[in-house]
Amino acid sequence: MERKTDPARMLKAGIFTENPLLIEVTGLAPVLAGVSTVYEGVLLAAVSTLQLMIVSWLTALALKRLPASVRMLCYFVIAAPITAGALWFGGAMFRNEAASIYTVLPLTAVSSLTALHCERHMTDAGGGEGALRAFSSALGYTFAVLLISAVRELTVYGTLAGLRISGLAAPAAKLPFFGLLLMGFLAAAINGTFRNDLLFGGAEKNFMAHSVLLRYRQAPTAQDGSGEETPAAEAAVGSVPAAGE
Amino acid sequence: MHMLLFETLSAALAAAVLHNAVFTGGLGITEAIRLSAKQKKLWISALFLALFLQATAFGSYYLTALFPAAAESAVWRFCMYAGVLIFVFMLSLLLALLFHADETMQRRMRVCALNTLVLGAPYLTQGTPGSPLQIAGTALGAAVAFVLAMSLLRLGAVKLGENPSVPPVFRGSAALLIYAGILALAFAGIAGAQAI
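These protein sequences, in sequence, are chains A and B.
If you read the first sequence in my numbering, its first letter stands for residue 1, the second for the next number, and so on.
If you read the second sequence in my numbering, its first letter stands for residue 1, the second for the next number, and so on.
Chain A on its own, in the form it takes in the complex (with noise of 0.2 Å):
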């Protein structure tokens, strides 16, 4: 039997099954709002990487023992500090994008992915395994990041990483409409290559535990009927902020 701290099942529930930003629904924001180019993508994915890592470990250390209303204010003042250094040093590397990092990581000071993992997961966690659960989940913010922005500068623009790919462009994919339905497509595949871990299999109810659309699911359906909503999933929903988050 698989252990819940298993390195191997945590980096996989991380990247796929628990992705932050597909499955999880958290950190959308920063990558609808101005992430279109593979370099946006990289610096995102950085600096939130950077903030999980940093505020994970400083809840598992000592920000866990605070009220919860303290604990979501330390968030921010810890991570805008570090928002305000990759401003400065993205403005100064990236001139051309500077318009998008200026209005991309401002985003990332109160981003849901820094603050509910920490509500999530940190709490009641150690640092080893506290370490592992962020770096996973970092993992799988990267991963889609950079997916959904390589997808969009070959849409946008018709190049990757700046390299002329193809003569087509269409700018309107530069809108979150376009992200958003990437993003959906990606959820529905990562479901149909996962769907022993994810609907079918005996992880169904962690994932269940763990997923925003906990109510939604819940809902009465052909196939079960009831739409009953057990104690433990009020629990789930309940503990978890809404955002901040």
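Please keep in mind that the hints were generated in silico from the structure rather than gathered at the bench.
Don't be surprised by glycine CBs; every beta carbon is placed ideally from N, CA and C.
Treat the hints loosely; a few may be bogus.
[Said to hold, decoys possible] To spell it out: a stretch of chain B is covered by chain A in this simulated footprint if at least three of its residues, at any positions, have a beta carbon under 8 Å from a beta carbon of chain A; those stretches are: (1) 11–25; (2) 71–80; (3) 86–94.
[To be verified] From chain B, some residues computed to sit far from chain A (all C-beta separations above 10 Å): (4) 66; (5) 99; (6) 144; (7) 152; (8) 172.
For this one, chain A is given, so just place chain B on it according to the hints.
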């Protein structure tokens, strides 16, 4: 007087519908999805959001007037906005303690306070609007836009959850993201395909 009212309302209408921050800018969409799953009294959230946005925008507006050189830099503008937001957040915690707000109300205030930065992102990139009336109107409109997005997402998500024809691989986040994408496409059409 009529002109002042018109200026405020037109700014609010533009922020709520024409440039709906959630759907045409992608701002705060995670929070809109999450909150739509559990919020019942959406108008309270709208009220808090409008108040926090106004307080933060006015704070940044007057700080910009005091330190115009600093506001030229994106990094300083972010620091200024973040500083005002931290102050507003702490003030909200203090008020919650003073008025003995229950845990649900406190959580709602926290969520709205932090979403201020997400929904106020246009202020960070483009600076605060020209006049205090425009700030008031835009903040009100952004709050309405957020509540509108939550309501639309909730309506669709419930229908999707009840529909047995949705293929298993599209159930959950996949269907909801595609549904949000279609809504965003509709709003992009209204806005004339201009991203925020």
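Okay, the hints, checked on the actual structure:
Counting residues of the segment 11–25 of chain B whose CB lies closer than 8 Å to any CB of chain A gives 3, which reaches the minimum of 3, so the coverage claim holds. Figure legend: the segment 71–80 of chain B, annotated as covered by chain A; annotation consistent (4 residues with Cβ-Cβ distances under 8 Å, at least 3 required). Note: the segment 86–94 of chain B has 4 residues with beta-carbon separation from chain A under 8 Å; the three-residue rule is met and the coverage holds. No Cβ of chain A approaches the Cβ of residue 66(B) within 10 Å, the least distance being about 20 Å, so the stated non-interface status holds.
Every C-beta of chain A lies more than 10 Å from that of residue 99(B), the closest at about 14 Å, which supports listing it as non-interface. Non-interface status of residue 144(B) relative to chain A is upheld: no Cβ of that chain comes within 10 Å, the nearest being about 17 Å off. Distance check on residue 152(B): its Cβ is at least 13 Å (rounded) from any Cβ of chain A, clearing the 10 Å threshold; non-interface status holds. Remark: the non-interface label on residue 172(B) conflicts with the geometry, its nearest Cβ contact in chain A lying 5 Å away (cut-off 10 Å).
This entry does not satisfy hint 8, going by the numbered hints stated previously; all others are met.
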